[in-house]
Amino acid sequence: MLKNYFKITWRNLTRHRSYAIINILGLAIGIAACLLILQYVYYELSYDQFHTKKDRVYRVIQDRYDNGKLSTQWAAGAFAAGRNFKDAFPEIEDYVSMTGRGASVIKEGERIIKLERTYFASESFFRLFSYPLVQGDPQTALKELNSAVISESSAKKLFGTEKALGKTIRINQNNSYTITGVMKDIPENSHMTADVLLSYSTFIKQVGPDNNPDNAWDWDGCFTYVLLKPGTDVKALEKKLTPLVAQKNGDSWKQFNASASFYLQPVTDIHLYSNRMIEFKANGDGKTVYLLLGIAFFVVIIAWVNYINLATAKAVGRAREVGIRKAIGSQRSQLIFQFLFESALLNAIALFVALLIILAVLPAFNRMTGMDLGLGLLAGKNFMLPFFGLFLLGTFLSGIYPALVLSSFNPITVLKGTMVSTGRGALLRKSLVVFQFTASLFLLIGTLTVSRQISYMQGQELGMNIDQTLVVRGPIVTGPDSLFAGKTNAFTNELLKIPAISKVAVSSSIPGEPVGWNAGGIRLISAPENTQKQFRVIAVDYEYIDLMGLKLIGGRKFSRDFGDKKGVIFNEAGLKLMGFDKPEEIIGKDIFFWGDTLTVHGIVGNFHQQSLRDAFEPLILRLIPEMRGYYSVKVKAADVSQTLTAVRKSWDNFFPGNTFEYFFLDEHFNDQYNADRRFGQVFGIFTCMAILVACLGLFGLASFTTIQKTKEIGIRKVLGASVPSILRLLYKEFAVLIVVAFLVATPVSWYAASQWLQGYAFRINVQQGLFLIPFMIMMVVALLTVSIQTVRAALANPVTSLRTE
Amino acid sequence: MIALQHISKWVTNGGLRTFLLKDINLQIEEGEFVSIMGPSGSGKSTLLNVIGMLDDADEGEYNFLGQSIHTMKEKQRSQLYKAHIGFVFQAYHLIDELTVYENIETPLLYQDTKSAERKAMVGDMLDRFNIVGKKDLFPNQLSGGQQQLVGIARSLIASPKLLLADEPTGNLNSKQGEEIMDLFKQLNEEDGVTIIQVTHSEKNAAYGNRIINLLDGRIEHPR
Chain A
1 MLKNYFKITW RNLTRHRSYA IINILGLAIG IAACLLILQY VYYELSYDQF
51 HTKKDRVYRV IQDRYDNGKL STQWAAGAFA AGRNFKDAFP EIEDYVSMTG
101 RGASVIKEGE RIIKLERTYF ASESFFRLFS YPLVQGDPQT ALKELNSAVI
151 SESSAKKLFG TEKALGKTIR INQNNSYTIT GVMKDIPENS HMTADVLLSY
201 STFIKQVGPD NNPDNAWDWD GCFTYVLLKP GTDVKALEKK LTPLVAQKNG
251 DSWKQFNASA SFYLQPVTDI HLYSNRMIEF KANGDGKTVY LLLGIAFFVV
301 IIAWVNYINL ATAKAVGRAR EVGIRKAIGS QRSQLIFQFL FESALLNAIA
351 LFVALLIILA VLPAFNRMTG MDLGLGLLAG KNFMLPFFGL FLLGTFLSGI
401 YPALVLSSFN PITVLKGTMV STGRGALLRK SLVVFQFTAS LFLLIGTLTV
451 SRQISYMQGQ ELGMNIDQTL VVRGPIVTGP DSLFAGKTNA FTNELLKIPA
501 ISKVAVSSSI PGEPVGWNAG GIRLISAPEN TQKQFRVIAV DYEYIDLMGL
551 KLIGGRKFSR DFGDKKGVIF NEAGLKLMGF DKPEEIIGKD IFFWGDTLTV
601 HGIVGNFHQQ SLRDAFEPLI LRLIPEMRGY YSVKVKAADV SQTLTAVRKS
651 WDNFFPGNTF EYFFLDEHFN DQYNADRRFG QVFGIFTCMA ILVACLGLFG
701 LASFTTIQKT KEIGIRKVLG ASVPSILRLL YKEFAVLIVV AFLVATPVSW
751 YAASQWLQGY AFRINVQQGL FLIPFMIMMV VALLTVSIQT VRAALANPVT
801 SLRTE
Chain B
1 MIALQHISKW VTNGGLRTFL LKDINLQIEE GEFVSIMGPS GSGKSTLLNV
51 IGMLDDADEG EYNFLGQSIH TMKEKQRSQL YKAHIGFVFQ AYHLIDELTV
101 YENIETPLLY QDTKSAERKA MVGDMLDRFN IVGKKDLFPN QLSGGQQQLV
151 GIARSLIASP KLLLADEPTG NLNSKQGEEI MDLFKQLNEE DGVTIIQVTH
201 SEKNAAYGNR IINLLDGRIE HPR
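Residue numbers (full-length UniProt numbering), protein chains in the order written: chain A, 1 to 805; chain B, 1 to 223.
It is worth saying that the hints were derived from the structure and are not from the lab.
Model, not experiment: these values are computed from the prediction.
Treat the hints loosely; a few may be bogus.
Footprint (simulated), chain B over chain A, 3 or more residues, beta carbon under 8 Å [what the hints assert, rightly or not]:
1. 315-324
2. 329-335
3. 401-415
4. 432-442
Just so you know, even glycine gets a beta-carbon here, dropped at the ideal spot from N, CA and C.
Chain A extracted, bound-state conformation:
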């Protein structure tokens, strides 16, 4: 029986080759697109899923309020959270406090090795998280003072093939640690990253008994993770956190009119739903992931719709076979099975072609998404499951309707040849085409929105000049602090001797990344304590404002001539936050900054410290010429590589024992848009695929309608109709569908585009162009597709078409 079905299907496919190719190609593209996106989506969803206690591990996050207004949102909040919550709430089985200590430079023999990410972590670390140790005991590795766990790759960098366990490392030519464990590298699909973990007890000792972190509610920067006992009511526990802190520290906050709220964030949610201050790394975006997932299914559904459309359009041609089969003893269920089998066969072929497509585009896909999918992927269950899932779903969803229609034919009518193609099927086909074009338009509008927003962000005035700027990361191993200022000074002077270098500036932060220094408690010295606010602070030298081309809108820059030692400059947003509108109102006044009194010298215009996704933050530029952070170097357009060699040479002279790291500021800044650009590309490519598939279907359908209308066209021509008038007649039918699709797609896309743009502080307006251009494109593409068939039909000699009838 199956053999018979197989033969019939195969012969039908080979007989109607173009129909088969349209169907198979459409399905294959749809399936390939869907499977690829699914891989990406799956990866994004896989973050932190490998922790065996993932359902019980939560991160404590913290929002700070000043005067009842939300001021900062922290991923790593107050240091006191872990200890205090654990002591107060029996539901918390265990906790980990973790805080960064910057990069580590370790000298091993003659080599200098920099381990970028070093953290102090409490001893429970390996009890909460499933990061396996390859050497050492996870229970005790982070217990003792001065113990360190390093990652496998760090161990390899440091010691090659030698055993790392038990060795001593000296970090930044300062403290020594014994290696008590080597952990497998933290996988990429974790929200956390670390090269070196140092025992938290060491941290407590280093900060000294006067600064006990366990009592520090105003000191942020500590990640707190809690392990809840099984069956804990998370919401109920979460509600108890903030009141506890209020009880412990509320009195001290009250005088500043400040407060803080604490929440529990599931560890598996961090990657997709968390964007706070001090994240381990830039997290993903859940909205984007689900949007992509939606696109994946759009594309494949469009392909399924093609199958339904073409199969039902061709149903009349298959009707006789159905009639005969019924007359020689087939039951309806057997016919349904036969047509489902056909759909299965077609889907299977399409699946195979999809595999070929995937293999062909995999390298490009990897490049685009930054993923590393290999051929091994094809064997994994994350691929096989959706692969066969799509096969079954596709076979059924695309096959069942045509099967029901075809098997329903009455043998007597079809065998007598009195069957007419019904309007009922035509309406369904039209609705499905409208659906396809609605989806395509939606995607097209989305693509346009994304690409416009990206070019808008890149085209905006930044409020500063970051061209021709070389940035060198400051040294980590510096020797005694007292000598550092002099060293920095000498180094910058040395750089200025290089002819291609016009300016050098030192600062704690550079544009293109979040400002790491957040200072609360800032107010006018004359104002009451409860007016204090939180500001981001960049420590800068005398040259910084000039070098970055920041625009002064009031007051003056820092200047050696005035002997400014204790000065600050606000940006406009900072001015507003201080409660003033005009620069004059604040210039010359003193502010209170962590016990110091600093004078406001000037106001600079707002500039985009970060990408245009982020709003202007209230900023303080504080003069600290001996700051260690970044050296920014303005280079004349001349020979860059020669200049670099010269810079490097003096670096090695001044800061031996440090690695030399540099980048160009404009590139660094634009790297912020990588994720957006990538998203735009993925979006665009899959949109093209969706449109291609939809047009394939339209082409098939157009050929079908045109054939149906051959007689009508012939008669009209005989009656004197011109070719253009006939084309108009044929186009009208499809143009109407696209107009309807446009009407449906517009409100939906308008809503989606506005929602997406909400994520950007600086964004384009959602206006007509975003919709009309895709509409025109769609219309042109669709009518061109239809033309391939219709023009031929319209030009045909009516005699032939009427004779064949």
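Add chain B to chain A, keeping to what the hints say.
Frame of chain A; chain B shown alone:
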């Protein structure tokens, strides 16, 4: 074998009932060769379709081999149908995408006959109709007469007790027609197959041993 009692069938058009068949009472015994005659639109094909279970009557009782068809479920009816009834059409109605061999084989597939058995049965049938040489051809490579031979071979493959033929020679020339009618007669006499044919031709009707005349959906009784 076949007993129709008060069989009526109608279509309703604008609230008006037009009868296709009206109060048909008919008894056909096993081994008969019946010809149904009558002008166009008199209900011949409808009657044949009702007997062949391709169509339902709106009223009346139909007993086939002692079982009442009008009360049966679709599935039982189909079971009965494919075991006992073969259909031959005026337009042959072969499946274009299947070869001669495969066309003849198809009814056996619906009866779940084993593969080896099918092979033997189709082989016998090809032999019997002298079309072994054509078994791998497609219908459009055959003449009308040959196609009808395949059609008949297909209708007989499951050894039906009843063969229904709707103007089997309508599309054939007279020589081909005669051959087909001879074949029917032989089937009826030698193999005992009950045959009911619809025909316009007096000559073909004469091959049978009983003629039923229809007019406006009623049986005309010989006066």
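Numbered hints the structure breaks, given as an ascending list: Violated: hint 4 alone.
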